[in-house]
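Engineer: This is what each chain is made of:
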Amino acid sequence: MHHVIIGAGPAGVVAAENLRKLDPTAKISIYGAEREVPYSRMAIPYFLIENVPEQGTHLRKNDRHYDLMNIEVHQQRVDKIDAAAKALSLEDGSTVNYDKLLIATGSHPVRPPIPGMELENVHSCWTLEDGRAIAEKAKPGNTVVLMGAGFIGCIILESLAIRGVDLTVVEAENRMVPRMMNEISGNLIKRWCEEKGVNVRTSTRVDGIEEGGDKALKLSFNDGSTMEADVVICATGVRPNIAFLEGSGINTDEGILVNPYLETSQADIFAAGDVCQGLDFSTGSYMVQAIQPTAADHGMLAANNMVDGREQRHRGCVNMNVLDTMGLISASFGLWEGSGGDRSALEDYDNYRYLELQFEDDVLVGANSLGLTQHVGVLRGLIQSRTRLGKWKEKLMQDPTRVMEAYLACAQAQA
Amino acid sequence: MAWTKKYLRVNLTEGTIKVEDLNMAWANEYLGQRGLATRYLIDEIDPKCDALSPENKMIMTTGPLTGTMASTGGRYSVVCKSPLTGAVACSNSGGLFGAELKSAGWDMIIFEGKSASPVYLSIQNEKAELLSAEALWGKSVWEADAILHKTHQDPQLKVAAVGRSAEQGCLYAAIVNDMHRAAGRSGVGTVMASKNLKAVVVRGTRGVGNIKDMPRFMDATNAGKAVLAENPVTGQGLPALGTQVLMNVINEVGAMPTRNMRETQFEGAHKIAGEAMLEPRKSDGKPNLTRNGGCFGCTIACGRISTIDRTHFSVQDKPEYWGNSGGLEYEAAWAMGSDCGVDDLDALTYANFLCNEDGMDPISFGATLAAAMEMFEDGDLTTEQTGGMELKFGSAEALCWAAEVVATGEGFGADLGLGSKRLCEKYGRPELSMTVKGQEFPAYDPRGMQGMGLTYATSNRGACHLRSYTVSSEVLGVPVKTDPLETDGKADLVKAFQDATAAVDSAGLCIFTTFAWSMEDIAPQVDAACEGEWSVEKMLEVGERVWQLERQFNQAAGIGGDQDTLPKRLLTEGAGSGPAQGKVAELDKMLPQYYELRGWNTDGSMTDATRQKWNLPA
Amino acid sequence: MQKSLTIDPEKCTGCLQCEMACSYQSDGLFNPSKSRIKVFNFHEEGRFVPYTCTQCDEAWCLHACPVDAITLDASTGAKIVNADTCVGCKVCTIACPFGTVNYNSDTGKVAKCDLCAGDPACAKACPTDAITYVDADATGYERMKEWAAKTDAGMTAGA
Ligand SMILES: Cc1cc2nc3c(=O)[nH]c(=O)nc-3n(C[C@H](O)[C@H](O)[C@H](O)COP(=O)(O)OP(=O)(O)OC[C@H]3O[C@@H](n4cnc5c(N)ncnc54)[C@H](O)[C@@H]3O)c2cc1C
Ligand code: SF4
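As they're listed, the protein sequences go chains F, R and S. According to this note's numbering, the first sequence holds residues 1 to 415 in order. According to this note's numbering, the second sequence holds residues 1 to 618 in order. According to this note's numbering, the third sequence holds residues 1 to 159 in order.
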C-alpha cells in the first residue's frame, strides 16, 4: 500500500502521521513544492517579529521526526495527476505511483489586476520565502503599505507594526476583517489600530503602483490621492491551488469538490485543507474555509478514510478564527452574521470589549468577540454540540458574558 | 513582605485618585487591616468630627495574608468613625472582594471628602477611576451588582456596594460584597453612602506574591489547614451547621437573649437552629440549607447557602427570591428570631435575604425591632406610628414587613433605621435599648455568660461579640474551659481574647480560625509571609497596641469609661430561667481589674505611661 | 492505569484553594485569574463547579497547533504546552471545545492544565476532596468524554 500526499502543509503532515498510526506497514510519501522542511504558514508572522527563528515555524520540531515515523518527504512539485493510471508526474520529469492519494496543496495568494503588482518591492506574505524577503525590506522607519485588511492582512499588520515601520493599511471594504467580524467590531479594530499609530484607510482601493519618487514605489488610490512607499505587501486574498488538476478528471469549483468522506470525484483520491471545498458545519454546504484547524481536521479525517476498512463521515468544520491585532484579540465562530434567530450583544466601546451571540431557537450558532481570552473555546463547543440552552438562552440574552456558565450548566449538566 | 506596599487615596470631593506608599513603620507596629487602617484614621481625622460629614474618612483595607493560600486569607475591613456609636468602626468581611483588591495591587483604599453626585470606584489592576453612579442610586445591592456586572462585561468582577437603606440614612447600614458577605456592623455602609459612594468594583489579575519565605509559608499554611481540619468545631461543626451550630447550645446554657432580652431562653430555638435548616420541608422536600460555602481561601466554609420555601407567605408572589442566596448565620437567626420571639425559619431567611440585598446589619436590625416590639406591647408605640402593622413579639409578618421598610427607608422604616438607642429615646423608653455605646447586642446574654458582659461593656466599637469571643472558653472550652457564671479571671480572659482578636483582624484572617488556632499556629504563617519578625509575642503585642489605639481614638472622640457599661436590665433584672436563673451581669466585679490590666486609670481613661508604652499618637 | 482529575461539584465550597495552588505551582504566586482550573459559581443554584482540562483523547488543541507546541506526556496522558515553542497564535484556544486553553497576555503564550507531572497541586490543596486524582474511569470523567465525542468533527466516534 502506497499512500501519497501532495502538499507539505499542516493538512498533509497531519494526514501522513495519522496514516502511519492507522496503517503501520504502508509506504507513505509527501511531495511538497517548496524547498523547505514542512512548515506552518501561520507561524510566519512570529518569525517576522523575531519571536521564533526559522526553525520555530517548522510543523514538527524533531529533525528526524519523519524518519522516525517512516514518512518520506520529497521537495518536488507535482505537475499532473493521471487518475486512471494512479500515477503522478513530478517537476523533475519522473513519475510516482500511488494506491491512495491525498491532495493537500493549500492555496496561493491572488493579486488584484492593477498595474505594478509585478514590481520588485511588491510582495505577498504567504511563504517562508516571502517572509525572509519582507524581513529584509521592512526595516524600522521604512514606509510600508499593506493592501488588504482581511484576516491574513491583520495578522501581518501586527508583525509589521512591531517591526517599527511607518505603516498604512488600505482596505476596499468599509471596515477591517470584513469576512470575520461584523461592522461594529471591525470598526473597533480599526479605531484600535489608529490609536496605536497605524494609518488605516478603509473603503479605499489601490489603483496602480509605479516605480520612482523618493522611495522605491509610488501608489495611486481610487480617490485620486497618491503616496510613496518603500515596500507594498499584498494580502488581498487567496485561492486554492487547483490549476495543476486540469485534465485529471477531478471535479473542482472554487476548490476541490468532495463528498462527506473527503473523497473527490475520482476513486481513491481525497482532498484536505485549504484546497478542499469541504463541508461547513453551520450551513451544511461545501465551502473553502482556508483555516488552520480545518486543515488539521481534514488531514485527520482524510487519512482515516484512506485506510481500507475505515470509514468516517465528516460532520463539517465550524468556521472559526482568532486574531490578535496589536494586542486586541478578536474571534469569530460559525454563523457570526446570524441566520435570522435572536442575537444578544454587549458592547463596550471605551474598553474595546464586544461579544455578540447568534442563536437559532435556543441553540448557539455563531459568535463574534473582542477582548475575550478566557474560555473562548466553549463558543465552538456550544455551536458544534448543538447544545440546547433552555432557560440559559434567556440569561444569555440578558448577559452574553455568562456563556461559560451556560456551557457548564447545559453542555456539562453541571448546574 | 506580603503587603503590596501601595494604597489608593481617593478624594471624592475633588474626584482625584492618588497612589501612595504604605507607611512601613506603622505596618511594623500594626501589621495591617484593622490595626494599620486605624493608625491612618487617627492620624487623618478629628475623632470628634461628625461621622456623616465629609470630614470623616473611610478606609477599605486588607491584611498581609489577604489573597494568600493561608486558610481564610481573604478578609478585608472597613474602618471609619461610626455614625451609630461615635466610636471607631471596624467591620470585617469575607467573600472574594478583599483578595481581589489585593490581587489588583492594593493594600487599602482611603476615601475622603464627599462626591457632589453619586459615583462608584472602578479598579482594574493599576487603573482606578471614579465613574457615575447615577444609574445605581436608589437600587438595592443586588440590583447594583447585576448592573455593574453587565456594564463591565466581566463575570469575575467583584462588587462591594451599599443598598437603599444606607442611602436613606439607616444608621446600621452595611457594605455588602459578593452579594451576601458584609462589613456589617456600626454603620460603615451609612458612612459610605454619606460620601455619595455607591460601590467599589475591582478586578485584580496581578496576583499576590511578595511572600518573604515561600516554602516556609506553604509549610506553615498547610500545617494550619491540618489543624482546622482536625478540630471538631472548624472541621465538622461549622461546615455542617455554620455558626448556627450554636443556637441550641447557647439556649441550653441559658444565655439566649429573648424578646429584647427580657428572657434568656427561647422556646422556639430548635425551630430556627442549624439543625432545623437541614430538615426537609413539606412543600418540596428540600431543606432550607442547600450547601455550605467558603469565603476566599477558607478551608472551614461555614457560610450558609439557602432557599426560602416558595410557598411561604413572604415570597409566594416573588419568584426573584426563589433562588439560593446567603442563608442564616447564628447572629442573624438570633436577632431576628429569638430576640423578636419569631420562630419561623422561612421568615427569618427572607428577612436575612433582605438584609443582604439592601445592606442592613441583621443584628442591629433585629435588636432594634425587638426594642420596638417591646415598646409596642407596652403601648409606647401604636399602629399609628407603624402605619397599621401590629409589632407583636413572635409576629413573622411584622418581621418581614420591618425588613422591607428598613430596606427602603419608607414610613416607620426610617424610625427603625435609627437603631435601638435613638428609637427608644425618641419614644421615651431609653432603658429598653439593649446597647452599649449605641450599638446593639449580639446573641449572648451576659447574665448567663459573665465574660461576654465585660466584653460588651469594654468593646471599642460598642456591643460586639467579635471583639473578644469568650464564648469559646465559657461554653466550648477553647482554649480552656471557664465557668460562664463565674466572674473571677474574666478580666484576664477578656483582655487576652481582645488582644488576640485584634491581631487576627490585622492579619487578613478570619476570627473563626481561633476555634482551632492559637497564636502558635498563626504567628508562623504571618512570619513566613511578612518581612520583619512576627513571633507569638510580637503578634500579641500588636494586638494589644491595636486595642489601645482604638481606645485612644474613642477617648479623643469623647467616649470614656462612663460608657463602659451595660443596660440596666442586665445589671438589675435576674435571668428568668435556665442555669443562670436569678443571675445579673456582674460587671462591677470585673471592670476595675480589667482597667488595671490595661494600664488605665480607675475611671477608664488612658494614662500617659500606657500611651508612651504603646507609642500611641498623642 | 492512568489517573485523571475527578471533580465532584457536590463537595466544592468555592474556597478557591485549587486556583491559588495552580497559579502558585505554575507562576510562583497566588493568582486565581491565571489558574488553569477555574471554579464557577452558580449563585442561584447554590453550586460551585471546578472545571479544567480532561486531557481528552481527541486533543483538539494538540492537533490544531501549527508548530507542535502541545505534546502528549506519555506518563500522565496530559497534553502539555511547551512555552518555548508556543508562538501565541491562540488557535488552540478556539479549537478546544471545552474552553480550557487560555491565552495569557502577560506571557504572550497559552496555558492549560498539565497535571503537574502527575501530582496535581489543585487536588492536594482541595480541603473537601471535591478534586481528586484517581484512576481514569471514575465517575464524571466518562460523561465529559461522551460529550467530547459529541463535539468531535467526526474523527473518533464510531472509528
Ligand atoms: C501569514 C499567514 C498567517 C496565517 N494565520 C492563520 C491563523 O492565524 N489561523 C488560521 O486558522 N489560519 C491561518 N493561516 C492560514 C493557514 O496557514 C492555512 O489555512 C493552512 O496553512 C492550510 O494548510 P494546508 O495544509 O491546507 O495548506 P498549506 O499550508 O498552504 O500547504 C500546502 C502545501 O502544498 C504545497 N504545494 C502546493 N502546490 C503543490 C504542488 N503542485 N505539488 C506539491 N506541493 C504543492 C505547498 O508548497 C505547501 O507545502 C495563515 C496563513 C498565512 C500565510
Ligand atoms: S497558541 Fe501556542 S500552543 Fe496554542 S496553537 Fe498557537 S502555538 Fe500552539
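Calculated from the structure, these hints are not laboratory results. Hints are supplied without guarantee of correctness; some may be wrong.
[Claimed, not checked] In silico DSBU-like cross-links for lysine-lysine, where the CA-CA straight-line distance does not exceed 30 Å:
hint, chain 1, residue 1, chain 2, residue 2
1, F, Lys61, S, Lys3
2, R, Lys127, R, Lys114
3, R, Lys282, F, Lys196
4, S, Lys124, R, Lys212
5, R, Lys114, F, Lys393
6, R, Lys538, R, Lys212
7, R, Lys282, R, Lys392
8, S, Lys11, F, Lys21
9, S, Lys3, R, Lys271
10, F, Lys395, R, Lys538
11, F, Lys395, R, Lys48
12, F, Lys80, F, Lys137
13, S, Lys124, F, Lys61
14, R, Lys5, R, Lys392
15, S, Lys3, F, Lys196
Engineer: State for each hint whether it applies.
Structural biologist: The hints, checked one at a time:
1. F:Lys61 - S:Lys3: 28 Å, holds
2. R:Lys127 - R:Lys114: 21 Å, holds
3. R:Lys282 - F:Lys196: Since the Cα atoms of Lys282 (chain R) and Lys196 (chain F) sit roughly 64 Å apart, the hinted pair is violated (cutoff 30 Å).
4. S:Lys124 - R:Lys212: The given pair, whose Cα atoms are some 23 Å apart, holds under the 30 Å limit.
5. R:Lys114 - F:Lys393: 42 Å, violated
6. R:Lys538 - R:Lys212: 17 Å, holds
7. R:Lys282 - R:Lys392: 27 Å, holds
8. S:Lys11 - F:Lys21: 41 Å, violated
9. S:Lys3 - R:Lys271: Violated, at roughly 46 Å.
10. F:Lys395 - R:Lys538: 52 Å, violated
11. F:Lys395 - R:Lys48: Answer violated: Lys395 (chain F) to Lys48 (chain R) is near 50 Å, above 30 Å.
12. F:Lys80 - F:Lys137: Outside the cut-off at roughly 36 Å; violated.
13. S:Lys124 - F:Lys61: Roughly 34 Å between the alpha carbons, so the hint for Lys124 (chain S) and Lys61 (chain F) is violated.
14. R:Lys5 - R:Lys392: Distance ~53 Å between Lys5 (chain R) and Lys392 (chain R) Cα, so the pair is violated.
15. S:Lys3 - F:Lys196: 48 Å, violated
In summary, the structure is inconsistent with hints 3, 5, 8, 9, 10, 11, 12, 13, 14, 15 from the numbered list given earlier, while agreeing with the others.
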